[in-house]
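Make a model of the complete structure from these sequences and hints.
One letter stands for each residue in the lines below.
Number of protein chains: 2
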Amino acid sequence: MAKLRIGKLVVIGVGLIGGSFALALKRAKAVKHVVGVGRTRKNLNIALKHGVIDEASQDAARAMRDADLVLIGTPVGQMPAVMATIAPYLSPKTIVTDAGSTKQDVIACARKHLGAHFANFVPAHPMAGTEMSGAAAAFPELYRGRKLILVPQRETSARAIRLVRAAWVACGAEVVLLKPREHDEILAAVSHLPHIVAYALMGMLARRSNVRHMLEFSAGGLRDTVRIAGSSPEMWRDICLANREALLKFMDAYDSELNRARVALRAGDGAALKAIFTHARNARERWLVAPERKPKRQ
Amino acid sequence: MAKLRIGKLVVIGVGLIGGSFALALKRAKAVKHVVGVGRTRKNLNIALKHGVIDEASQDAARAMRDADLVLIGTPVGQMPAVMATIAPYLSPKTIVTDAGSTKQDVIACARKHLGAHFANFVPAHPMAGTEMSGAAAAFPELYRGRKLILVPQRETSARAIRLVRAAWVACGAEVVLLKPREHDEILAAVSHLPHIVAYALMGMLARRSNVRHMLEFSAGGLRDTVRIAGSSPEMWRDICLANREALLKFMDAYDSELNRARVALRAGDGAALKAIFTHARNARERWLVAPERKPKRQ
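Chains as they are written, first to last, in the working numbering: chain D, 859 to 1156; chain V, 859 to 1156.
These are calculated hints, taken from the structure and not from any lab test. Please note that a few of the clues may not be correct.
All copies of an identical chain are treated as equivalent in the list; a pair is satisfied when it fits inside any one copy or across any two copies.
What the hints assert, rightly or not - Within a straight-line C-alpha distance of at most 20 Å, the following computed EDC-like cross-link-like pairs (lysine to aspartate or glutamate) qualify:
(1) Lys1132 <-> Glu1143
(2) Lys887 <-> Asp912
(3) Lys970 <-> Glu999
(4) Lys1037 <-> Glu1074
(5) Lys1107 <-> Asp1127
(6) Lys890 <-> Glu1032
(7) Lys890 <-> Asp926
(8) Lys1005 <-> Glu1074
(9) Lys970 <-> Asp917
Put into structure tokens, the structure is as follows:
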């Protein structure tokens, strides 16, 4: 494969995701010039200062001119407005992609707003993130060794897929393909629900009048369990709304599992409790402990 | 304060907690000889091999002879049997303490089984742990900078409190006092419930037929949220049963918070969802972000 060389990259929404994409491509020397587009001048200035972008713009028309690749890195709730704004200024050579956490709604939105340009839009989603937001949180290694899900549609041009795939490979990601519905269902289970769980646990504690005193006695367990409750509320509101059906389904399944524990606890049924905990622990071990590190256990 | 020098320390249950206590005291040169007592010869051999203990014993009578300090480091469910076993062999000089995760039940158990020796029993609980179990998981830094809760009773002798306090200080812990009920209530909220939450999330995923495929797409968020689902099922069964009332209360409160999110999500109420997430995120920031690191936020 020829070395990837993107002349002009535009990142709309220069946060952790979009900023890290820019930094990773810069480090790989796969991009010449990065333009950042954002709502607040303050964040764009941080991005400029940290070398995440080379130029800041609040003018979409000017930013789109001669762009080779546009990454929409905003929360999914902003995508309709972003796509409607940029659509008139897209040239046929410009490839557009996104990093939205849901795909069915983003694809529907692109279909509606990008019109003929839809063939040049490659829906994508990197399996990476931290609980931090904003340009200052971006770092070039974010995607190294992480999965990047591409969700191309029937109409998506081969050239567009090639470019977006090459860009993510240059970031160090492993590219895999999923269908939109499959993507949203899986993400509801392994990402969206865990965020709800973390927000709810932290939120419940926060409603107690003695919360400060209680938290003095917490250890690493609570801290890790609620780490992602530090994530952007705006972004997660959008994701939850965009993936409502799948998320509600998994919330119900989670509720059933909690209820198993509650019923066993109420009944003082130690054997049932131990079985519930063991089942979960074994699944975690099968997932996280590599086969070669598992002596005599299956 | 004179330098602490424990002649003979007996650790009953040489796991992460008891083993780390022994290693920390050894490193501080605060103990001369450590005897490990346990159910399985295999774990005791590991403890010997790793230098956690100097002598292994499966004979409680012999182990108790001339002991200065006995730490009961077993899951709380084993404490009645352990206390009943050792009680006849305790000499007046021997101080007994524990590291059990619940205190009301442990105190009741000690009152019942230790008889006249109850005045030499100092209920305690270190706010530290990892998801690992067994002697091989022990390390001397586990308690450094962590809180150690002492729960002395009216009868507890000042000499006993002094020794146990000094031992934990030598391990690097910060010693604080709580009443038994307060301890159990706080721990239900900041430790026991988070374990239930982590087990339930992992357990729910494990019940899906496509769990392996789904987990391929998880990122650090899920991994951290379920880290403590790797904890010992036996230990957590005992803790949950021992602290059933308080835990059920906090499970209900957690359920209400989850339900707030569910109601907002079902209604497509973005403002309510964002408020729920923001409330949780702000509480986490107030807790984890030191005031000096918070620019212009309160």
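Give the relationship of Lys970 and Glu999 under a CA distance limit of 20 Å: within one copy only, between copies only, both, or neither.
-> This pair counts as neither: shortest intra-copy Cα distance 34 Å, inter-copy 58 Å.
When no copy is named, should Lys1005 and Glu1074 be tagged within, between, both, or neither for a Cα gap of at most 20 Å?
-> between (37 Å within a copy, 8 Å between copies)
Using 20 Å as the alpha-carbon threshold, which applies to Lys1037 and Glu1074: within, between, both, or neither?
-> So Lys1037 and Glu1074 pass the 20 Å test across copies only (15 Å; inside, 45 Å).
From the Cα coordinates, with 20 Å as the cut-off, is the pair Lys890 and Asp926 best called within, between, both, or neither?
-> For Lys890 and Asp926, the Cα distance is within 20 Å only inside one copy (11 Å; across copies 71 Å).
Lys1132 and Glu1143: within-copy, between-copy, both or neither at 20 Å Cα | For Lys1132 and Glu1143, only the intra-copy Cα distance (16 Å) is at most 20 Å; the inter-copy one is 34 Å.
Within, between, both or neither, where Lys887 and Asp912 count as close if Cα-Cα is 20 Å or less | Classified as within; 14 Å inside a copy, 58 Å across copies.
Homomeric proximity label, Lys1107 with Asp1127: Cα distance no greater than 20 Å = Close across copies (17 Å), not inside one copy (28 Å); limit 20 Å.
Measure nothing new, just compare the shortest in-copy and cross-copy C-alpha distances for Lys890 and Glu1032 to 20 Å and report within, between, both or neither.
-> neither (23 Å within a copy, 54 Å between copies)
Taking 20 Å as the upper bound on the Cα-Cα distance, should Lys970 and Asp917 be classified as within, between, both, or neither?
-> The answer is neither: 22 Å in one copy and 77 Å across copies each exceed 20 Å.
The earlier numbered hints that this structure contradicts are 3, 6 and 9.
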